[in-house]
Amino acid sequence: MSENNRFANNSEQLSLDDGRRVKVLSPGMMVFKRFIRNKLAIAGIIILVFMFVFSFFGGLLSPYRQDQVFYKVDSANKEYASAVVNTEYRFLTKDGSALSTLVRANFSRVVKDVGDESLAFTADGTEWTITRLGDSFYAIGSAQELATVALLGKAADVKPNAGVELSDDVKNAAIEAVKANQLTFDVEGQGYVLTRGKAKSYTLSTVGEIAIASLLAYDAHSADDAATIGSYAFRRNGELALKSGETQFEADGETFTMEVEDAQNALIYRAGESDTPVATVSNVIVNPVNNGVFLPTDYKSAVAEAIAEKQTAFEYLNADGESEKHTIVMRGNNYIIYTEQQTTLIDMYALPSLAHPLGTDDHGMDVMTRLMYGGRISLMVGFVVMILENLLGIVVGGVSGYFGGWVDTLLMRFVDLFNSIPYYPIMIITGSIMDAFEINPYTRIFLLMAIMGVMGWTGVARVVRGQILSLREQDFMIATEATGIRVSRRIFRHLVPNVMPLLIVQATMGLGSIILTEATLSFLGLGIKYPLASWGSIINAASNIYVMTNFWFIWIPAGILIVLTVLGFNFVGDGLRDAFDPKMKR
Amino acid sequence: MWKFIVRRLSLAVVIIFFGAFIIYGVMRCMPTSFVESLARQRAAASATTGGPTYQEWLTQLNEAYHMNDDVVTGYLNWLGGVARGDFGNSWKYGIPVTEKFNQVIWYSVVLSIITLVLEVVICIPLGIQAARHQYSGFDYGITVFAMLCISLPTFFLATVLKYIFAVKLAWLDLYGIVGRYHEQLSQFGKILDMAQHMILPVLTLAMLSVGGLTRYTRTNMLEVMNADYIRTARAKGLSERVVINRHAFRNTLIPLVSYMSYLLPSLFSGAMITETLFQIPGIGYISYDAMVQGDLPFTMFYSVFLLVLTQLSLMLADIMYAVVDPRVRVN
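Read top to bottom, the protein sequences are chains C and R.
The numbering of the first sequence is the working numbering, which starts it at 1 and goes up by one.
The numbering of the second sequence is the working numbering, which starts it at 587 and goes up by one.
Everything labelled a hint here was simulated from the structure, so no lab data went into it.
Hints may contain errors.
Some but not every residue of chain R turned toward chain C, in silico, with C-beta under 8 Å [to be verified]:
{"hint": "1", "residue": "G605"}
{"hint": "2", "residue": "F731"}
{"hint": "3", "residue": "M733"}
{"hint": "4", "residue": "T740"}
{"hint": "5", "residue": "T745"}
{"hint": "6", "residue": "L747"}
{"hint": "7", "residue": "I750"}
{"hint": "8", "residue": "V753"}
{"hint": "9", "residue": "L892"}
Example chain R residues on the side facing chain C (calculated, C-beta under 7 Å, incomplete) [unchecked claim]:
{"hint": "10", "residue": "V599"}
{"hint": "11", "residue": "F603"}
{"hint": "12", "residue": "F604"}
{"hint": "13", "residue": "F607"}
{"hint": "14", "residue": "G611"}
{"hint": "15", "residue": "M616"}
{"hint": "16", "residue": "F742"}
{"hint": "17", "residue": "M877"}
{"hint": "18", "residue": "S889"}
{"hint": "19", "residue": "L893"}
{"hint": "20", "residue": "L898"}
{"hint": "21", "residue": "S899"}
{"hint": "22", "residue": "M901"}
Quick caveat, the model's predicted, so the values are computed rather than measured.
Note that the Cβ used here is the ideal one computed from N, Cα and C, for glycine as well.
Pulled out of the complex, with its shape left as it was, chain C reads as follows (with noise of 0.2 Å):
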């Protein structure tokens, strides 16, 4: 009808055999115009573009790399300081004295069972006494042994030991002090002991101080002041001056002043200097709970005020000048204190959201940039194999449906052989032999693309052995073997390029399956690997049923891009066949 017309509105008469009448289109056009006539077709070319696209160009204008670990910062309420009040005695000793542990359990026990009287201890085989310096708070000396005093009726002598010399005023203070029975004395600021032996006789000792004992920790305010608040001199008059109740002192010919909050607790500032404190002194120690963290003094004072008072949360205002809030909690003997941290965590499973079109993954990874990598990788395997396989295909069948007779026998078994052997089995089993040598992400790439390749050329080569078998009968073959052409090239020159349409109809479909495959492997964990992605690989982590009940942003959007290519792949190839051999359209 159309037909009619069209002629019937011509007004120029064409003869019938006129060349502009009859339209001639080459078969390769007739193809083409065949193909883009199909609707189906069409829409699969628009999805393999759009994947192509997707996959090719997506990965270039994706800010991200596809192995971009992405973090963000949460706060938690994590431990962040311990404080613990002090019960046992802090010992410092003067330089170059020591005391041994034993005879620091004999003073804390000394201590402990008279309280505040000072007294003498015998331990390690000397004597030590304890002077009480003030509330809690002694000085430890040790006698040392000078003399011996022997009481001979009204009269005394002193017999000082070997290498010792003792001045007159010494002597004559100890005599009198064993005439009136008095067992301690001074010369010159120096305390002296008289112990009394055997038979009337008294051994002269020095008392020397040698350490002070205090139940109240020493914080320095900066890591300058740490050999300033070290110093024996400093804590002993410090302790002093806060035992007793003044706010200044003098050590080391520095003046020191406090501010006293009670008897335990105060902060102690170089006179003068009323802005930033040298140290903080309190009976609760407050210790960091991770390495490397500095509690400024006032943050200290801070949780011994609040432990003090028995409170459960403080305020802190932090270096920065804001309000941080800490809570208390008790556990044992110890407080544990908390507090709102900002950390920086791997941004696992984020919902999506516009920095990340997809959310992240359990690696933190954008997941739409993995997608696109993947598809790359997707698409290239699928490429890559289904070449492979044609190559190998079309040399075997090619020399197998050309020689026929016992080559092509042997080849067809050969083919029968590799054709027979179960897929599946033969990829987990070599998927787990790389596994096992731990073969580089890259390189496994390849070499699962070979085996696949390996694998699947059977398909091929049982096709262009069937159509060659039958093109070698046509005329076109003893013309060819007419003009004496070599057999090389009477196979892939003349045979070959006539299975063409059938291959490439066959490489579109196929092409969809070995994707399919690939995927199935990367899903099982035999395929591709990490950090490399592909599509299979991503859904893998809808194996974990905690990403697969709450993350469906994670692996659905790479099954929905597996199905489409592998659709438009098959719709492709479904349009190919109908448009080279329209006969076969059904």
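Add chain R to chain C, keeping to what the hints say.
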């Protein structure tokens, strides 16, 4: 005909022999073999009591499992056992391979048979309808649906079905063949329980295979519909229903039956990925586990089983081709 079958059989034997050898060789390449991991376990277990070290265990176990033989000797030994009907004990399961196979194969067979029935029930009417209304919207819909089914990756479909029916709707269990209270159910209840657990695997397998059979039916139906005798039937004035049901469909059955017979052996091969994903203890899942852990006797048995099935399929296809269409002469 008999000559052909004998020749085909002898070829099958040769192929099975070499195919099994290739698999045996590849299995032996696995460096972290089953034996090594067993030796490591035992050495760790006996380390505290001063038992044998890893090396000693390894030597002993290698001896016990005949892993010291080279590949060819090992293969021939294995083959010798098979000739006497002894496939050996499964390393992983600790019982004779054939016994384990007997325990699990029926799950796979039942799964496959239900799937096949469902597939036939769905595909043949769809294919026929599509062919009757060629190029209609319905036909396009069927084509797209069939293509979609072919394009679905098994694991994705299974995961989506699990997500919808087990997680979101919570109608069915996520995996397993029996429910939590299986032992307390009555005999009939047990069967129902297992049937319920088969729903998702069957649905998965059916959807995957529906595409191929629908298209096959449609193609063959179209071929028949274009035949002269259909035109004759219509010219006689027969009703469309009679034309389709009596004349066209019966002739379509011929290629369909031969296609089905080709599928028969594959009923026994198990659906490895589907079974693994749903943890149905069929031959596919069990042998997947065995393969991953390097259980050589079980893997060998399963592979040879598959090799035999493939050869059977091919032979059946050749024979059925001749049986169904008497014009084909096998020579």
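Hint check:
1. The interface hint given for G605(R) holds, since its Cβ lies 5 Å from the closest Cβ of chain C, which is under the 8 Å cut-off.
2. This hint is violated: F731(R) has a C-beta 11 Å from the nearest C-beta of chain C, more than the 8 Å allowed.
3. Against a cut-off of 8 Å between C-beta atoms, the interface hint on M733(R) holds, since the closest Cβ of chain C lies about 5 Å away.
4. For the restraint placing T740(R) at the interface with chain C, the shortest Cβ-Cβ distance is roughly 7 Å, inside the 8 Å limit, so the hint holds.
5. Hint status for T745(R) relative to chain C: holds, with the closest Cβ pair at about 5 Å, below 8 Å.
6. Given the 8 Å rule on beta carbons, the hint for L747(R) is violated: about 12 Å separates it from the nearest Cβ of chain C.
7. About 11 Å separates the beta-carbon of I750(R) from the nearest beta-carbon of chain C, more than 8 Å, and the hint is not met.
8. For V753(R), the suggested interface contact is upheld, since its CB lies about 5 Å from the closest CB of chain C, less than 8 Å.
9. At about 4 Å, the closest approach between the beta carbon of L892(R) and any beta carbon in chain C falls short of 8 Å, and the interface hint on this residue holds.
10. With its C-beta approaching chain C no nearer than about 12 Å, V599(R) sits outside the 7 Å limit, and its interface hint is violated.
11. Nearest Cβ of chain C to the Cβ of F603(R): about 10 Å, over the 7 Å cut. The hint is violated.
12. The interface hint given for F604(R) holds, since its Cβ lies 5 Å from the closest Cβ of chain C, which is under the 7 Å cut-off.
13. Of the supplied interface hints, the one on F607(R) is violated, with its beta-carbon coming no nearer than about 10 Å to a beta-carbon of chain C, more than 7 Å.
14. Proximity of G611(R) to chain C is violated relative to the hint, the smallest CB-CB distance being about 10 Å (cut-off 7 Å).
15. Among the interface hints, the one on M616(R) holds; its C-beta lies about 5 Å from the nearest C-beta in chain C, closer than the 7 Å criterion.
16. Because the closest C-beta pair between F742(R) and chain C is about 4 Å apart, less than 7 Å, the hint holds.
17. This hint holds: M877(R) has a C-beta 5 Å from the nearest C-beta of chain C, less than the 7 Å allowed.
18. For the restraint placing S889(R) at the interface with chain C, the shortest Cβ-Cβ distance is roughly 5 Å, inside the 7 Å limit, so the hint holds.
19. Given the 7 Å rule on beta carbons, the hint for L893(R) holds: about 5 Å separates it from the nearest Cβ of chain C.
20. Taken as an interface hint, L898(R) does not check out: its beta carbon lies about 11 Å from the nearest beta carbon of chain C, beyond 7 Å.
21. This hint is violated: S899(R) has a C-beta 10 Å from the nearest C-beta of chain C, more than the 7 Å allowed.
22. With a cut of 7 Å, the hint placing M901(R) at the interface with chain C is violated, because the nearest CB-to-CB distance is about 12 Å.
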